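Residues in the sequence shown are numbered from 3 upward in steps of one, following this note's numbering.
Check each hint, because a few of them may be wrong.
For each label pair, taking beta carbons as the anchor points, the in silico distance ranges come out as [unchecked claim]:
| # | residue 1 | residue 2 | range |
| --- | --- | --- | --- |
| 1 | N108 | E48 | 33 to 41 Å |
| 2 | D145 | E16 | 32 to 40 Å |
| 3 | T24 | A151 | 42 to 50 Å |
| 4 | D103 | W30 | 57 to 65 Å |
| 5 | D145 | K75 | 37 to 45 Å |
| 6 | L102 | E140 | 28 to 36 Å |
| 7 | A82 | R150 | 38 to 46 Å |
| 8 | S14 | G62 | 26 to 34 Å |
| 9 | W79 | P105 | 30 to 38 Å |
| 10 | F43 | R146 | 19 to 27 Å |
| 11 | E17 | S50 | 14 to 22 Å |
| 12 | I58 | A82 | 22 to 30 Å |
| 13 | E17 | V42 | 31 to 39 Å |
Since the hints were derived computationally from the structure, they do not count as laboratory data.
Nothing here was measured: the structure is a model prediction, and the numbers come from that model.
Where a beta carbon is used, it is the ideal one built from N, C-alpha and C, also for glycine.
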Amino acid sequence: MKNSLIFDPTLSDEELRGFSRTVAEIEWLTVILVLMYQVVFAPGPEASANLALGTILFSGFVLSFHYLNFYRKESNWKIAIETWVMIAYITWALLQTGRLDSPLVNLYLLVIITTALTLGKAYRQDQALDWGFLTEPEASHRDRKSARAGEAPP
Numbered sequence: 003m004k005n006s007l008i009f010d011p012t013l014s015d016e017e018l019r020g021f022s023r024t025v026a027e028i029e030w031l032t033v034i035l036v037l038m039y040q041v042v043f044a045p046g047p048e049a050s051a052n053l054a055l056g057t058i059l060f061s062g063f064v065l066s067f068h069y070l071n072f073y074r075k076e077s078n079w080k081i082a083i084e085t086w087v088m089i090a091y092i093t094w095a096l097l098q099t100g101r102l103d104s105p106l107v108n109l110y111l112l113v114i115i116t117t118a119l120t121l122g123k124a125y126r127q128d129q130a131l132d133w134g135f136l137t138e139p140e141a142s143h144r145d146r147k148s149a150r151a152g153e154a155p156p
């Protein structure tokens with residue numbers, strides 16, 4: 003069976019702490035941008051109350067994860083959980099502010115940045131996707147190119 007690591011196993015504890023600090027900064031940036039939206043665009047009272055509730059809950063989550071030592075040891079899974087909660091918060095904010103027409107839709111780019119930090123350099127290009135039992139064997143691009151050229155695959 004192939005090694006199906008999700009995270010980069012070579013990250014040191016110091017690198018994980020650095021990534022965790024960066025994730026916290028991205029989370030606070032998300033909160034600040036949602037609060038700025040409330041000030042600049044002044045949504046209706048119901049949307050404003052829902053945004054405030056979501057922001058309070060998300061801020062409490064960030065505080066508990068980073069400053070109250072909910073998890074004492076940094077790990078890739080902690081960063082992954084934070085990313086999933088950030089996706090939920092952004093989705094909640096978008097539902098309150100116009101869905102895909104919302105100016106906050108680009109907050110999902112912050113999630114992509116966070117995910118890129120979490121995955122690290124473990125991504126290997128030019129390999130077939132592994133969908134579990136649905137995966138059909140597939141020759142890589144390099145193998146097909148070598149076969150056409152008459153060379154032995156590397």
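Evaluated hints:
About 24 Å separates the C-beta atoms of N108 and E48, a value inconsistent with the hinted range of 33 to 41 Å. Separation of D145 from E16 is about 39 Å and conforms to the stated range, judged on CB atoms against 32 to 40 Å. The hinted window of 42 to 50 Å between T24 and A151 holds, with their beta carbons roughly 44 Å apart. For the pair D103 and W30, the beta carbons lie near 26 Å from each other, so the given range of 57 to 65 Å is not met.
Look at D145 against K75: about 41 Å separates their beta carbons, and that is inside 37 to 45 Å. Between L102 and E140 the C-beta distance comes to about 34 Å, which sits within the given range of 28 to 36 Å. With their beta carbons about 40 Å apart, A82 and R150 fall inside the hinted range of 38 to 46 Å. For S14 and G62, the hinted distance range of 26 to 34 Å is satisfied, since their beta carbons lie about 30 Å from each other.
Remark: the range hint 30 to 38 Å for W79 to P105 is upheld by a beta-carbon distance near 32 Å. Range check, F43 to R146: about 52 Å between beta-carbon atoms, so the 19 to 27 Å window is missed. Checked against the hint of 14 to 22 Å, the C-beta distance between E17 and S50 comes to roughly 40 Å, which is inconsistent with it. Between I58 and A82 the C-beta distance comes to about 23 Å, which sits within the given range of 22 to 30 Å.
Checked against the given bound of 31 to 39 Å, the beta carbons of E17 and V42, roughly 37 Å apart, stay inside it.
The structure is inconsistent with the numbered hints 1, 4, 10 and 11, although it conforms to all the rest.
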